[in-house]
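Take these sequences, add in the hints, and give me the full structure.
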Amino acid sequence: MTVSRDARANGRDAVDRGDDEPPPSAAEAGSDRPEPPDPAPVPVWRVLAATSTSAWREALANRAGFWSQIAIMIVNDVVWVVFWFLFFDRVGAVRGWDLDRLVVLFAVLTTSAGIVLGLLNNARRTGQLAATGALDAALALPVSPLAYLLVRRVEPVNVGDLFFGLGLFVALGDPTPTRVAVFAYGVACAVLILTGFLVLVGSLSFWAGRSDAGDLGFHALLLFSNYPVDIFGGATRVFLYAVIPAGFVSSAPARLVDDFDVRLALGTGAVAVAVAAAGATAFTVGLRRYTSGATWTRA
Amino acid sequence: MRAPARAEGAIGWLGPTAAAARLGARRAGAQPGGLAFAAVFYLMVTSVLAGLWATAADAAGGDIVGYSAVALVWYIAASESAVLALPQRLIEDVGIDIDDGIEAELLRPTPLIVVRLAAEVGGMLPRLGACVAVGVVLARIIGGPAPDPAALAIAFPSLLLAVTVNLAAQYAFAGAAFWLRDVRSAWFLYQKLVFVLGGMLLPLEVLPRWLELTAKALPFSAMAYAPARLASGHLEPELLVIQSGWLAAAIVGTAAVYRAGERHQIRTGA
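Read top to bottom, the protein sequences are chains B and C. Using the working numbering, read the first sequence as starting at 4 and increasing by one per residue. Using the working numbering, read the second sequence as starting at 585 and increasing by one per residue.
No wet-lab data here; the hints were simulated from the structure. We put the beta carbon where it would ideally sit given N, CA and C, even for glycine. Among these hints, one or two may not hold up.
Computed footprint of chain C on chain B, listed as stretches where at least three residues anywhere in the stretch have a Cβ under 8 Å from a Cβ of chain C [claimed, not checked]:
1. 48-58
2. 81-94
3. 218-227
Ranges between beta-carbon positions, derived for each pair [as the list claims (entries may be wrong)]:
4. B:R240 x C:W794: 52 to 62 Å
5. C:G645 x B:L290: 53 to 63 Å
6. C:V825 x B:F263: 33 to 43 Å
7. C:A844 x B:V241: 51 to 61 Å
8. C:G645 x B:G136: 28 to 38 Å
Right under this line is the structure:
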């Protein structure tokens, strides 16, 4: 998919003026200059890359704040590792899970959560943006509104998770080439599931209006992903794989890194694609019910 | 212009303080959605952690550092009630209030901190009630009957003390915003201190001995460990005395921070 330069320029000028009127053409403006030839279209990925770069620059505008927030999140994550260390030190292995495997689970979770909540932060805010009618700016652009929204905001505190997760895996995850490859696959699946699920529950706001359901879904997914699914009983375990896909976010990838199984890998990948597709579909269908809040925000 | 009179003393503050507490309780009660959210979130967190510790106790032969699986379930139900009954980002919210200008509130004859704390305690009560109700039912279902009903009875006032100490300490922590530019992220670190050194995630006896003793000597243990220890069947009424001591210290300390903050505000106008 590509985007014409005119469309981009028109959108940007409209934003700069703070209105949604298209700019006058050269002829309307009374210029004698001929219309320039239609330039080569710009690939969508370049538009999204530029949006993402701009989001990074905004986040880095307060450089001291950026790094202090990252440091705070890393301290937060270290506390969790300390908790697990104390836990397994007292208890020993529980249902096949020991500290080594838990470290991999936590590395997968923090890395993927860092990517989704740090680099694709609006995934978490979809419901709020939809319910408050704050999507106007995204709708005026010649790229997919969801793709634009996802890369539009960087949240420094969650970028700390990303740094921590990668650092934890490198330091304590025994990163052989095979394990690194499986770790990357597991993180990719987890990112798709987290993003898709957050967009899916957030998109419910198109129908239900502003509610706590999205927030609750977000907290539930992250909370349950923090723990090995095997500690739970049968019915809860089914719930955590089938309803809130927490088992596929962290437990399944951690198990793959330690003990690769093709069927589990394919199953996790299929779930990731299905959840991501469900999120995108819910958002696209929900947009038909969107009502503007008559406020021009940058989402 | 004369400064607002504060000579009426504590008796004069009673009316506004009680009114603020009533208003806080009414506000919280008027948001059933918020209460339901708090209860469901509490249910999720408690069922996960209680399940984890109960499974661990079974795997370890039925006992971890003197806590049976049932005791651990009741421990987690109480410790989570003590922490989740409070707004998680209170420090951030108070910091924003101070940053954005709290001057109008400083003009009132009743000290700001007294009114604010009263309103927070009032607002916390419905949430605490919801969490306790859910917690008792959940612990009964997952674990079984409380290990010691007498100790459980003492755990209820201990819970009230725990959340009040926590509130006062969070206000003291947030008071740094009078001097520092941004304390908004500090809640994240404070929360982790309560999680581990306060005993919310785990009984303090699980910690290495030196850290256990250190944690028990800190105020965080009064915010989660004390009511949880009681609810888990340890009849130790002296924990209430320790909590009361920390509550007095927290209130005096918080009042001192806000008095100094007010003076700083008046002096600098910032």
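To see whether the hints hold, each was checked on the structure:
no. : hint                        : verdict
1   : 48-58                       : violated (count 0)
2   : 81-94                       : holds (count 7)
3   : 218-227                     : holds (count 6)
4   : B:R240 x C:W794: 52 to 62 Å : 38 Å, violated
5   : C:G645 x B:L290: 53 to 63 Å : 56 Å, holds
6   : C:V825 x B:F263: 33 to 43 Å : 56 Å, violated
7   : C:A844 x B:V241: 51 to 61 Å : 56 Å, holds
8   : C:G645 x B:G136: 28 to 38 Å : 58 Å, violated
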